[in-house]
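Visitor: Now for the letters of each chain:
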Amino acid sequence: MRSSIAIILCIIWTFSLQSQSDTLSSSLNGQNGDSSSISDSSSIPDEQDPLDSSKIEEISQAPSEAGEVAKEHFDNIFEILSPSRILTILFVLFITWLFMKGLIWLIKRSAKRFNRYRLLILRLIPIFNVLIWSVSIISLIVTIFDPSPQQINGALAGSALAVGLASQDLLKNIFGGLMIIFDRPFQMGDRVKVKDTYGEVVHIGLRNTQINTLDDSIVTVPNYVVISEEVSNSNSGELDCMAVVNLWLPINIDTERVRTIAYEAAISSKYLNFDKDIAIYFYDHFDDEPATNVKIKAYVLDTRYEKNFEGDVTEAAKIAFNESGIYSFTSSEQ
Amino acid sequence: MAFKDKIDEWRERFLEVIDFKKDENKVDDLVEKTEIPPSYLARFGYFPIENVDQLFGRDYELELLKKAYDNWKISNNLLLVISDQGIGVSSLINSSCHLYPHAKIIDETVEISNLEGLLIQLKKALSITADCQSLNDVKQAIVEEEVVVIENVERLFLRRIGGFSLLDEFLLFMHETKEKIYWICTMNRYSHYYLNQVKSVNANFPSQISVRGLDNDVIKQILENRNDGYNLTVLKPLSLKPSGRRKLRKASPEERIIMVRNRYYRKLLEYSNGHISRAFIYWKHSIVRINGKNVFLREPEISIKSALGKDDLFVLEAILQHTYIKLSELKLVLRNSYKASLLILEQLKEKELVSQRSIYGNKNVYQINLKFIEEVKVLLKTHLNRNIK
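Protein sequences appear in the order of chains U and D. FYI, this note's numbering numbers position 283 of the first sequence as 283, with every residue one higher than the one before it. In this note's numbering, each residue's number is its place in the second sequence (first place is 1) plus 1000.
Be a bit skeptical, because a hint or two may be false.
Stated by the list, open to error - Straight line, CA to CA, 20 Å or less: simulated SDA-like cross-link-like pairs of lysine to any residue:
(1) U/LYS276 to D/GLN1321
(2) D/LYS1199 to U/ASP277
(3) U/LYS112 to D/GLN1321
(4) U/LYS276 to D/SER1306
(5) U/LYS108 to D/ARG1011
(6) U/LYS297 to D/VAL1198
(7) D/LYS1331 to U/ILE319
(8) D/LYS1381 to U/GLU238
(9) U/LYS276 to D/TYR1193
(10) D/LYS1381 to U/ARG116
(11) U/LYS297 to D/LYS1199
(12) U/LYS108 to D/ALA1307
(13) U/LYS276 to D/LYS1381
(14) U/LYS112 to D/LYS1381
(15) U/LYS108 to D/THR1382
(16) D/LYS1199 to U/ARG257
(17) U/LYS112 to D/ARG1013
(18) D/LYS1310 to U/ASP240
(19) D/LYS1310 to U/ILE319
(20) U/LYS276 to D/LYS1199
(21) U/LYS195 to U/ARG184
Since the hints were derived computationally from the structure, they do not count as laboratory data.
Let's have the full structure, built from the sequences with the hints guiding it.
Guide: Right, here's the structure in full:
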């Protein structure tokens, strides 16, 4: 919404500049008698010299006319920004915003209802966001300002310059947002890590991306940061993702017994996606105290259960290690 | 008016699709259950058929069973019969005993979920009188060639750490004794899906038969046979869409009877999906009244009344994986307290999703209510991302 208002204001400003330049050029053209004489030098009739003495005189008087030009420029702005036009713009933006809110609510509702296709459905949000806002803004410009092709060209060039200078970061974010939507390094619902932030992508906007971290905080990352940083994606549009459970045990354990317990802890977890393989690895560590690190790599049936799975497996394995005397056996050995 | 009805219909459908709750009050309009005479109800019991002449629509499976037996004589293959619950696999196995007249069946009503129970049943089935403390002792005591059928072999595992050892031991035992014993195991399809993914059970059974649903014609035939001697009248459904109502209004009385009857059978067959037990459930729910030899039927509304949470689905999945589960076992599977497990089971019983059964010498076990078993599977697929076919 805020981006859209900024864009519309930039366009209005550009139009006002454009209308002013049109007025200026028409006044000059009026003296030349031919509008093409200014824009196209090749069509200047041989008998007319564009820089004859009278015109040099007029140009030399320009500083004295600066006040009038500025006044004319502001008149143009007031003409473009008439109360009825402002009201129409605000009304259309409000309706678009309301429509988007309703649409997002409906999409989220459907995603909840059809959980299996949740990620697929959520992908629609940023696409609709860009599409509907673009259609709304373009319709506003076309219907309210009715620009000529020249004005459109001027507006595009002018807005690029004006917006680029006035709001570099905003523009960077908007282009970043468009790149995320169309290049798709991640999508809504994916588990990503940007810089030190890890969590589920809950919003992809034109200016920023929001990530719901594992401690349920919403972190807003500007889009230009997202596209300039390394982003790791855990599930890439799939519902499931790999979870790694780290178990720390004494160094001299019965690995066969531990492997059986670790495997059964994983396969008995309700969060496991048993369509995919489970891998168990043993690593020795001798940093402070000698220890065995048992890594269980398995897939959870939904990215949202990643931490539940890790906790569930760790708890079950810990109980089993205690019951089977793996901890006590090793401590007595030591 | 018709246009308004149409709009209302689409609105209802839309709200249903997006799962929108417009009213938080929950007081359902319950209707008293119809009293069905026991003599009529007995015709729709779930007792397995034992006579092959009464078995319909299973010629292909019987042929496969015979072929598997012939194969065992050559290569001693173990046989696994995979089926959905309520599809009639017990009837198929019982009726197939003419292929191997001296077969011993360890059916679902006896307890084999622990080693002691399994040893007792094996000794009984293999006519062993010697004292056996382990499966190895049973192996040493086997003398004669036998055919042994174990129903719902998934009862040998419990989804917990250490809960798979009995199944592993028994699989090994079957491999070691397959030259003398022709082992036939049956398994619930959902248990098979799980156990095959985590324990590769398929690798142990070179011969497998997947029992599919019965054909619609066979189900209709069975229902007609069970209603022999009764006149059936199908009443107009209560929840008829406006388009359906218009069609009925336009039809002649004779056409109307046929239309209502055809619609009833279509709905019944859709619901049963080849499961004879579910067809019986639908039939029993559709009985409005019985006057002498006249049975009046009307399409029932069978649907899960309230929304289920993730925890409910995890419990239902645990029950489905084991086919039958005791409360003490469920507590271990869910890593829950006794009270919490009991509470969640009571809630699911209230929703008619779980039913209680007294088997194993009057011990209570819980199973998924056949009335909603297919719906539960769909929920597991859509909400828990399970890929059961």
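Visitor: Take the hints in turn and mark each one as holding or not.
Guide: The hints, checked one at a time:
Among the hinted pairs, U/LYS276 with D/GLN1321 is consistent with the structure: their alpha-carbon atoms are about 18 Å apart, no more than 20 Å. Between D/LYS1199 and U/ASP277 the alpha-carbon distance is near 11 Å, which keeps this suggested pair within the 20 Å criterion. For the suggested pair U/LYS112 and D/GLN1321, the alpha carbons sit about 25 Å apart, so the restraint of at most 20 Å is broken. Between U/LYS276 and D/SER1306 the alpha-carbon distance is near 32 Å, which puts this suggested pair outside the 20 Å criterion.
Taking the CA atoms of U/LYS108 and D/ARG1011, the gap is about 19 Å. The hint holds against a cut of 20 Å. With a C-alpha separation of about 14 Å, the suggested pair U/LYS297 and D/VAL1198 falls inside the 20 Å cut-off, and the hint holds. With a C-alpha separation of about 15 Å, the suggested pair D/LYS1331 and U/ILE319 falls inside the 20 Å cut-off, and the hint holds. The straight-line distance between the Cα atoms of D/LYS1381 and U/GLU238 is roughly 15 Å, inside the 20 Å bound, and the hint therefore holds.
Pair hint U/LYS276 plus D/TYR1193 holds up; C-alpha atoms about 13 Å apart against a cutoff of 20 Å. Note on D/LYS1381 and U/ARG116: the hinted pairing holds, with a Cα-Cα distance of about 8 Å set against a maximum of 20 Å. For the given pair, U/LYS297 sits about 17 Å from D/LYS1199 by alpha-carbon distance, which is consistent with the 20 Å threshold. Distance hint between U/LYS108 and D/ALA1307 is fulfilled; the C-alpha atoms sit about 18 Å from each other, no more than 20 Å.
Among the hinted pairs, U/LYS276 with D/LYS1381 is consistent with the structure: their alpha-carbon atoms are about 16 Å apart, no more than 20 Å. In summary, the hint linking U/LYS112 to D/LYS1381 is supported, as the alpha carbons are separated by about 14 Å, within the 20 Å threshold. Between U/LYS108 and D/THR1382, the direct Cα distance comes to roughly 16 Å. Compliance with the 20 Å bound is thereby established for this hinted pair. The suggested pairing of D/LYS1199 with U/ARG257 holds, with an alpha-carbon distance near 17 Å, which does not exceed 20 Å.
A threshold of 20 Å between alpha carbons decides the hint, and for U/LYS112 with D/ARG1013 the separation of about 17 Å falls inside it, so the pair holds. Pair hint D/LYS1310 plus U/ASP240 holds up; C-alpha atoms about 16 Å apart against a cutoff of 20 Å. With a C-alpha separation of about 25 Å, the suggested pairing of D/LYS1310 with U/ILE319 is violated against the 20 Å cut-off. Taking the CA atoms of U/LYS276 and D/LYS1199, the gap is about 12 Å. The hint holds against a cut of 20 Å.
Restraint check for U/LYS195 and U/ARG184: the C-alpha separation of about 18 Å stays at or below 20 Å, so the hint holds.
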